[in-house]
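Fit chain B to the supplied structure of chain A, relying on the hints for placement.
Number of protein chains: 2
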Amino acid sequence: MIQVDQALSIIAENCCKMPIRKIKVAKSLGFILAETIFSPMDMPPFRQSSMDGYAFLHSELQQFDVVNTLQAGGFLNKEIKKNQAVRIFTGAFVPDHLDTVVMQEHTTVENKTVEITKMPSRFANVRNKGEQIKENELVFEKNTLITPAAIGFLACLGITEIRVYAKPKVAIVVTGNELVKAGKKLPRGKIFESNSIMLNSCLQGVGIKKIEAFRVKDNLKATEKILKHCLSAFDVVLVSGGISVGDYDFVKEALLSNGVEELFYKINQKPGKPLFFGKKDKTIVFALPGNPASTLTSFYIYVHPALKINMGFEAIHLPKIKRKISSAIENTSGKTLFLKGFYDDEKVSVLESQSSAMLNTFAVANALIYLPYDVANIEKDLEVMVIPLN
Amino acid sequence: MIQVDQALSIIAENCCKMPIRKIKVAKSLGFILAETIFSPMDMPPFRQSSMDGYAFLHSELQQFDVVNTLQAGGFLNKEIKKNQAVRIFTGAFVPDHLDTVVMQEHTTVENKTVEITKMPSRFANVRNKGEQIKENELVFEKNTLITPAAIGFLACLGITEIRVYAKPKVAIVVTGNELVKAGKKLPRGKIFESNSIMLNSCLQGVGIKKIEAFRVKDNLKATEKILKHCLSAFDVVLVSGGISVGDYDFVKEALLSNGVEELFYKINQKPGKPLFFGKKDKTIVFALPGNPASTLTSFYIYVHPALKINMGFEAIHLPKIKRKISSAIENTSGKTLFLKGFYDDEKVSVLESQSSAMLNTFAVANALIYLPYDVANIEKDLEVMVIPLN
Numbered sequence: 001m002i003q004v005d006q007a008l009s010i011i012a013e014n015c016c017k018m019p020i021r022k023i024k025v026a027k028s029l030g031f032i033l034a035e036t037i038f039s040p041m042d043m044p045p046f047r048q049s050s051m052d053g054y055a056f057l058h059s060e061l062q063q064f065d066v067v068n069t070l071q072a073g074g075f076l077n078k079e080i081k082k083n084q085a086v087r088i089f090t091g092a093f094v095p096d097h098l099d100t101v102v103m104q105e106h107t108t109v110e111n112k113t114v115e116i117t118k119m120p121s122r123f124a125n126v127r128n129k130g131e132q133i134k135e136n137e138l139v140f141e142k143n144t145l146i147t148p149a150a151i152g153f154l155a156c157l158g159i160t161e162i163r164v165y166a167k168p169k170v171a172i173v174v175t176g177n178e179l180v181k182a183g184k185k186l187p188r189g190k191i192f193e194s195n196s197i198m199l200n201s202c203l204q205g206v207g208i209k210k211i212e213a214f215r216v217k218d219n220l221k222a223t224e225k226i227l228k229h230c231l232s233a234f235d236v237v238l239v240s241g242g243i244s245v246g247d248y249d250f251v252k253e254a255l256l257s258n259g260v261e262e263l264f265y266k267i268n269q270k271p272g273k274p275l276f277f278g279k280k281d282k283t284i285v286f287a288l289p290g291n292p293a294s295t296l297t298s299f300y301i302y303v304h305p306a307l308k309i310n311m312g313f314e315a316i317h318l319p320k321i322k323r324k325i326s327s328a329i330e331n332t333s334g335k336t337l338f339l340k341g342f343y344d345d346e347k348v349s350v351l352e353s354q355s356s357a358m359l360n361t362f363a364v365a366n367a368l369i370y371l372p373y374d375v376a377n378i379e380k381d382l383e384v385m386v387i388p389l390n
Numbered sequence: 001m002i003q004v005d006q007a008l009s010i011i012a013e014n015c016c017k018m019p020i021r022k023i024k025v026a027k028s029l030g031f032i033l034a035e036t037i038f039s040p041m042d043m044p045p046f047r048q049s050s051m052d053g054y055a056f057l058h059s060e061l062q063q064f065d066v067v068n069t070l071q072a073g074g075f076l077n078k079e080i081k082k083n084q085a086v087r088i089f090t091g092a093f094v095p096d097h098l099d100t101v102v103m104q105e106h107t108t109v110e111n112k113t114v115e116i117t118k119m120p121s122r123f124a125n126v127r128n129k130g131e132q133i134k135e136n137e138l139v140f141e142k143n144t145l146i147t148p149a150a151i152g153f154l155a156c157l158g159i160t161e162i163r164v165y166a167k168p169k170v171a172i173v174v175t176g177n178e179l180v181k182a183g184k185k186l187p188r189g190k191i192f193e194s195n196s197i198m199l200n201s202c203l204q205g206v207g208i209k210k211i212e213a214f215r216v217k218d219n220l221k222a223t224e225k226i227l228k229h230c231l232s233a234f235d236v237v238l239v240s241g242g243i244s245v246g247d248y249d250f251v252k253e254a255l256l257s258n259g260v261e262e263l264f265y266k267i268n269q270k271p272g273k274p275l276f277f278g279k280k281d282k283t284i285v286f287a288l289p290g291n292p293a294s295t296l297t298s299f300y301i302y303v304h305p306a307l308k309i310n311m312g313f314e315a316i317h318l319p320k321i322k323r324k325i326s327s328a329i330e331n332t333s334g335k336t337l338f339l340k341g342f343y344d345d346e347k348v349s350v351l352e353s354q355s356s357a358m359l360n361t362f363a364v365a366n367a368l369i370y371l372p373y374d375v376a377n378i379e380k381d382l383e384v385m386v387i388p389l390n
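Quick note, the sequences are listed as chains A and B, same order.
The opening residue of the first sequence carries number 1 in UniProt numbering; numbering runs sequentially from there.
The opening residue of the second sequence carries number 1 in UniProt numbering; numbering runs sequentially from there.
Same shape as in the complex, but just chain A (with noise of 0.2 Å):
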């Protein structure tokens, strides 16, 4: 049995980014970046006017004739004299020969004639050719997350298409003769199955979307053969059930049968203590405890990295912060404890109903207190670990 921080070593070590793939830029909100990208253009492309008003030569002179008008998107080759000026509208090209606008607001027009009120200094309100970006200069570094901002500058240069970390491929095999599909009548002694439709939610919810759920019955033949296709199928595969030490429980010999490299088993935290940890070739595989809220758990704390390391996250884990615990907690146990909690900007507090079968208390939990297993005692008002969820 290992401790947490070792599991997580573990994981750290065995887990790797997925293939690069292209795609489309409008498609990529939250992939990571796989490649280093240069601008292919200057941006802004042409000088640029910032304000509504009128380009002009800067000289002695105050008063210019219109000449024409160029607004967003318009442009004009043509020869504009000292003595003349051009109205021009924000984003407009200002003509090559020109090197200053005046806002309209510092100007007064009549018959053609503009005279400027104010007089702006040279180079006022003209945006410079690469003035945001000239060609060829960074835009963003590998490993780069991509957010709406950075869809936004790759759209405004032009760039359609990016390389980024693929999305792993994710099977969900959910165990256990007492399972029945939720809708259909419920016989005596048989459960609702849930992890299946849990996990996919979670899954769905740091982005992943190829997820296919089976279910197998507690029969050794069924299980291997289950799991003999999503370890060539998949590339990550989520057990739920049958691996704890029952004499109905296969999937460990099922997964050591397909020749899983067990890299771990069992952790020494409550809940989730009969975790396991594998790998044959690149399919990563966790089987999860059946019990809802030990499958969640885990999920949060052992699943999610190791999916945020294939993604080409650097940042794998959910962030902690620190609380002040609103009751003492003793811990006796010499395991390492994910309780469910509610935190505030303050303080946290245990919520009643820990059971790892039991799901309502972490639906109304809105974060994991971590304990280490070391710490036997913790004063009301200490700090603790929290894991916001959420």
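Treat the hints with care, since some could be wrong.
[As the list claims (entries may be wrong)] Quick partial rundown of chain B residues pointing at chain A, CB under 10 Å, derived from the structure: (1) 89; (2) 132; (3) 178; (4) 194.
What the hints contain is simulated information worked out from the structure, not anything from laboratory work.
Glycine included, C-beta positions come from ideal geometry on N, C-alpha and C.
Coordinates of chain B only, in the frame set by chain A:
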């Protein structure tokens, strides 16, 4: 011209929740529940063993004949005598007249006879019927956010569909003769259009999927026609550009001629002063300044909370945190500033180049710094309000 807080109040008063829709629990992540849900069943639905071991009737006896095996999912309707026990596994049905389960580690077994070496207390290791939740008990209040844990809990109660607030259908209308679609050749005087794809990704980021983008030239008739369609077919219309006072800015006129009620126009802020907010029937309209950084700031500060109200959220604004500013700031503009910044655990710095036309600063920022119009000077190391992004 109004202040930021007034604008936010007007938005809050004029936006309302979307109609209620029934959706599959499997597709409900991130929706807000529009009904109060009571449990259709007891959970667990029967008395359940929480251990692998032996079920028996607690008495003075220490030794039992093992007469049956019950794995999870099994059921047994048979009288078990006082001197008999049933081999049982975690999650399995506990036969009606038995009351206690002893964990297998506290037994020795020989020839179908089990001897208890450490007697558990009566009722030990048996989860009661309805221990987690009883039939008709409250599952979730109306207005609960659907998280993965909530999805798991609903699913384990056999609930497959729930009523939630729908998400709005959003139209993006981009105006500007200077705009060319990325991928095409860029004529002189033109720039690539980036706001539609950027706004689209912002909407994706809040979970909105029904999005359509329209492009229109700077021309009153064409603008009126597109807006007429959008106002009748969408819940939210986001117009980009054409909302200043230039001779080619037709958006406001086209909105008013289409019967849109003006709720505000222009906010005392930088960037994003010429922001228009209006309403026609139940459709809300934001006309955003066309400069990319203004568009994006306006989205985060004004459009985001409006969409959150539509979707039924109570916490509608992006969370604010406090950080010490890493250098003094002077604000003599009399306007509220939203500055692109970068924050860490302790401090926040103002990034260089805050131009509203430039997205590159935004792309490396991780926060907006909020400086109210009525504070002219902020000393280094004073706390400021920071709005983390992403």
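We went through each hint and held it up to the structure:
no., hint, result
1, 89, "holds, 5 Å"
2, 132, "holds, 5 Å"
3, 178, "holds, 3 Å"
4, 194, "holds, 4 Å"
Hint compliance for this structure: every hint is met.
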